[in-house]
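Work out the full structure: start from the sequences and follow the hints.
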Amino acid sequence: MALDPQSRLWTLAAAATCLMPLLLQLPASMAIAIAAIGIAIAATTWRRRLPAWLRLVLAMALLGYVLASSRFALGRDTGCALLAAMLAIKPVELSSVRDARSLLGFALFAPFSTFLLDQGPLSLVLALLGATLALAALLRLADLESGDAARTLPPWRRLLGVWRLIAIGVPLALAAFWLFPRIATPLWGVPERVLARPGLSDHMSPGEWIDFMGDDSPALRATFFGPAPAPSQMYWRGPVLWNFDGRTWTSAQWLRGLPPAPVTHAARSWDYEMALEPTDRRQMVALELPTQAPDGTRLSVDYSLHAPRPLDTLTRWRMRSAAPVAFEAQLRPLLRNMALRLPDGYNPRTLALARQWRREAGANDVAIVERALSWIRADFAYTLTTPLLGRHSVDEFLFEQQAGFCEHFSSAFVVLMRAAGIPARVVTGYVGGYHNRYGDYWLVRRSDAHAWAEVWLEGRGWVRVDPTAAVAPERIYDTLDDLAAGDFGSRLAPMRDMGDWLRRGWNDFVLGFDAARQQRLLQPLGIDRLDQRGLIALFAAAAVLAIGWMLWLTARAERERDRLLRAWHRLSARYARLGLGRAPHEPAGDWAARVIATRPRAAELESLSARFAQWRYAHHDGRTQGRRELDELVRALRRHRP
Numbered sequence: 015m016a017l018d019p020q021s022r023l024w025t026l027a028a029a030a031t032c033l034m035p036l037l038l039q040l041p042a043s044m045a046i047a048i049a050a051i052g053i054a055i056a057a058t059t060w061r062r063r064l065p066a067w068l069r070l071v072l073a074m075a076l077l078g079y080v081l082a083s084s085r086f087a088l089g090r091d092t093g094c095a096l097l098a099a100m101l102a103i104k105p106v107e108l109s110s111v112r113d114a115r116s117l118l119g120f121a122l123f124a125p126f127s128t129f130l131l132d133q134g135p136l137s138l139v140l141a142l143l144g145a146t147l148a149l150a151a152l153l154r155l156a157d158l159e160s161g162d163a164a165r166t167l168p169p170w171r172r173l174l175g176v177w178r179l180i181a182i183g184v185p186l187a188l189a190a191f192w193l194f195p196r197i198a199t200p201l202w203g204v205p206e207r208v209l210a211r212p213g214l215s216d217h218m219s220p221g222e223w224i225d226f227m228g229d230d231s232p233a234l235r236a237t238f239f240g241p242a243p244a245p246s247q248m249y250w251r252g253p254v255l256w257n258f259d260g261r262t263w264t265s266a267q268w269l270r271g272l273p274p275a276p277v278t279h280a281a282r283s284w285d286y287e288m289a290l291e292p293t294d295r296r297q298m299v300a301l302e303l304p305t306q307a308p309d310g311t312r313l314s315v316d317y318s319l320h321a322p323r324p325l326d327t328l329t330r331w332r333m334r335s336a337a338p339v340a341f342e343a344q345l346r347p348l349l350r351n352m353a354l355r356l357p358d359g360y361n362p363r364t365l366a367l368a369r370q371w372r373r374e375a376g377a378n379d380v381a382i383v384e385r386a387l388s389w390i391r392a393d394f395a396y397t398l399t400t401p402l403l404g405r406h407s408v409d410e411f412l413f414e415q416q417a418g419f420c421e422h423f424s425s426a427f428v429v430l431m432r433a434a435g436i437p438a439r440v441v442t443g444y445v446g447g448y449h450n451r452y453g454d455y456w457l458v459r460r461s462d463a464h465a466w467a468e469v470w471l472e473g474r475g476w477v478r479v480d481p482t483a484a485v486a487p488e489r490i491y492d493t494l495d496d497l498a499a500g501d502f503g504s505r506l507a508p509m510r511d512m513g514d515w516l517r518r519g520w521n522d523f524v525l526g527f528d529a530a531r532q533q534r535l536l537q538p539l540g541i542d543r544l545d546q547r548g549l550i551a552l553f554a555a556a557a558v559l560a561i562g563w564m565l566w567l568t569a570r571a572e573r574e575r576d577r578l579l580r581a582w583h584r585l586s587a588r589y590a591r592l593g594l595g596r597a598p599h600e601p602a603g604d605w606a607a608r609v610i611a612t613r614p615r616a617a618e619l620e621s622l623s624a625r626f627a628q629w630r631y632a633h634h635d636g637r638t639q640g641r642r643e644l645d646e647l648v649r650a651l652r653r654h655r656p
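Numbering (our numbering), first residue to last: 15 to 656.
It is worth saying that the hints were derived from the structure and are not from the lab.
Don't take each hint at face value.
[Claimed, not checked] Label-pair distances were calculated between CB atoms; the ranges are:
| hint | residue 1 | residue 2 | range |
| --- | --- | --- | --- |
| 1 | 551 | 528 | 14 to 22 angstroms |
| 2 | 109 | 624 | 30 to 38 angstroms |
| 3 | 16 | 58 | 17 to 25 angstroms |
| 4 | 79 | 23 | 25 to 33 angstroms |
| 5 | 452 | 109 | 50 to 58 angstroms |
Note that the Cβ used here is the ideal one computed from N, Cα and C, for glycine as well.
Structure representation (structure tokens):
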């Protein structure tokens, strides 16, 4: 059966809506290209189909484009991009009802595939909207086949009918989500993403961080149980970088197998819970310095924290940290050599300056550190706009450019310290945080990414030195805060805070609802822990109630929209309990006469049936007097009893 224009429009609109949440998860250029191709295909095939050879060429070209954009690597995002591309050109086959059903069935895979890349509330809302339109389009196709397509239902009426159908299954779906026993780890895995989501890495190269620092999306949210440290003391420690090849800093992978170095913590500690956003990496962060590794993680000798598997979902960690008083006061010779190693043939001017400072300072390492910080305070500035440095990157930064961001400052400072004979290393992570007053938690964004230095001093061990913070505030320009400043930005701050608080609630109650939290579901009722049997029993009870609700809704007749007919049918139902119900073919007057012959006390039924027939079948208008008569008749029908 051929499609009529309205059914085609419903089908294309539903397919486009299903495709929308998936496109939002793809790279912007790819999403725009796929959307443009889909619109062009829908427009050109509205009246006639494309030739088979042209459809084949189009499919192969789009397939090649997606694979080339993904560097011919297979992963979750590549598979989802291919699905989006094929759905965009699927309308080339749209000509019959069968084709429309095939397109809608294929389109429903798009919102479900979106959840492989993102599980946020926006993705859920768009997925529900797409599924609703797809079901409404299927209803339209059913009407077309049955010959009822001539009925002109308003779009909202068709969508309302779909939502009524969806509402029937919502209780069972909620029962399955909250009560069906979950397992701690999935039974199967899904492929890695080809393009990893931004996250702290175990390497740092010149210019690599500029895009990362411009990303204002959340990296973590921390809730403190008790007082919180000042933002200037919130150093969220991540990967520690030891090796330098003249351009790139990398971590020493083999150090992860060594136990954490001995640390004497300060008396004051911070107790907090940290929710990490997905990053597709194993590197974690913790407020300096964690007193112990959370369950399921590992602390290396340099107190970098790692998870056993990629953190590709939202994870929550209960932590305790305290500032170090003495951090590895005795440095092993092997680690000392690593913390002094520099590649040959790089940065001769920096090496010469460091040797000069060493000769002038003698054995006083602290004096060299302070001299470097004083130089930075006096002559350097902070900016995100920097040219790409050449072979002797540290020389160019220290003696020519003298402006940059944390990546430049930390790298140059550590090279200068090592050249002066002071063990040093680069530490990456985040610094600071923004306090959300609505949820009383601290938000750390990816733009808060930071790199600083640690130097080893006799008797104290590793000491944090942040050369970026040494830059005088009046010399800092082009920072992200400056770019976001202004009256308009300050007016939007409460809206941003409320939006992030709502997203945090979604993370807590939906994405963070794992097996452990499910077992603690009834703690407010005094039940500390639910075992598998208890969960199964609760789920079975909830499922029985939900299925009973579904059966009751599907078994009951559709509610009569005319309130006069509704009252008349209820009156007949009351007499039916006495065996005197009205037959479907029986006129109102004949039924009333039959009832009165059996029950003379029901004489009022004669006048009610006459008034009902007069109003129902005789001519009347909608004047105020007529509406009053209708109200009185409805009330009389409702009051009458056999």
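- Query: What are the numbers of the hints that this structure violates, sorted from low to high?
  - Reply: Hint 2 alone not satisfied by this model.
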